[in-house]
Amino acid sequence: EPEVTQTPSHQVTQMGQEVILRCVPISNHLYFYWYRQILGQKVEFLVSFYNNEISEKSEIFDDQFSVERPDGSNFTLKIRSTKLEDSAMYFCATGLAETQYFGPGTRLLVL
Amino acid sequence: DAKTTQPPSMDCAEGRAANLPCNHSTISGNEYVYWYRQIHSQGPQYIIHGLKNNETNEMASLIITEDRKSSTLILPHATLRDTAVYYCIARTSYGKLTFGQGTILTVHP
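Line by line, the protein sequences give chains A and B. Quick note on numbering: the first sequence equals residues 1 to 111 in this note's numbering. Quick note on numbering: the second sequence equals residues 112 to 220 in this note's numbering.
Don't read these hints as lab results, they were simulated from the structure. Hints may be right or wrong, so weigh each one.
Far from chain A, some chain B residues (derived; all Cβ distances over 12 Å) [stated by the list, open to error]: (1) S120; (2) G126; (3) P132; (4) S136; (5) Q149; (6) T203.
Pairs of lysine-lysine residues, derived as DSS-like cross-links and limited to a Cα-Cα distance of at most 25 Å, are as follows [said to hold, decoys possible]: (7) B:K163 to B:K114; (8) B:K163 to B:K180; (9) A:K83 to A:K57; (10) A:K42 to B:K180; (11) A:K42 to A:K83; (12) B:K114 to B:K180; (13) A:K57 to A:K42; (14) A:K83 to B:K163; (15) A:K57 to B:K163.
Computed, partial: chain B to chain A, Cβ under 8 Å [said to hold, decoys possible]: (16) C123; (17) S204; (18) Y205; (19) K207.
By construction, the Cβ of each residue, glycine as well, lies at the ideal position given by its N, Cα and C atoms.
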């Protein structure tokens with residue numbers, strides 16, 4: 001069964017550094033999403049992406065965040081200058097029609 | 112997106128059916144009811160979704176009331192591996208998923 005994959009599984013970075021989280025969607029999926037979950041809290045929506053542009057974003061998704069599909073396959077989330085409060089699990093989700101399928105997540109720790 | 116209300120926790124004996132309720136009294140006509148679950152800190156796992164009719168797949172059944180104000184997720188024969196947080200979410204097609212606190216289901220031997 002096809003799965004969404006994410007790399008890296010864990011990332012430790014220093015505050016102020018840039019990080020790029022990568023997601024390989026299920027083949028032929030057209031809708032892409034990023035969510036995050038701070039330890040002990042709810043899963044929160046960050047951004048949705050369709051047809052090579054952002055279709056919706058949350059208040060969390062400020063100018064420090066960006067998304068793209070650089071090679072038409074991978075879907076990336078970039079955090080330009082990480083803050084301590086960016087420490088969280090980041091989940092990619094992809095979908096073709098009505099259903100979103102989640103990847104296993106990247107655990108980001110900002111020191 | 113319509114708000115959903117779920118009990119914070121439920122218990123179920125292994126092998127028995129687990130019936131997880133969800134209220135969504137303000138759901139609009141174009142919103143589906145989705146169920147996901149999350150085991151530990153893994154990525155949320157899709158279970159089932161429906162609009163008006165009851166649905167069944169290999170994992171679960173979804174019963175939606177006629178007025179669509181509430182629904183029940185049924186795991187017919189719960190196992191220990193079904194212990195997880197279960198989320199009921201009302202969502203339009205292709206829209207974002209808005210997660211609440213969900214129901215912590217504990218399946219015990």
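Checked hints:
no.	hint	in the structure
1	S120	16 Å, holds
2	G126	26 Å, holds
3	P132	19 Å, holds
4	S136	21 Å, holds
5	Q149	7 Å, violated
6	T203	9 Å, violated
7	B:K163 to B:K114	17 Å, holds
8	B:K163 to B:K180	10 Å, holds
9	A:K83 to A:K57	19 Å, holds
10	A:K42 to B:K180	23 Å, holds
11	A:K42 to A:K83	19 Å, holds
12	B:K114 to B:K180	11 Å, holds
13	A:K57 to A:K42	17 Å, holds
14	A:K83 to B:K163	44 Å, violated
15	A:K57 to B:K163	29 Å, violated
16	C123	23 Å, violated
17	S204	5 Å, holds
18	Y205	6 Å, holds
19	K207	4 Å, holds
Taken one by one, the earlier hints fail for this structure at numbers 5, 6, 14, 15 and 16, listed in ascending order.
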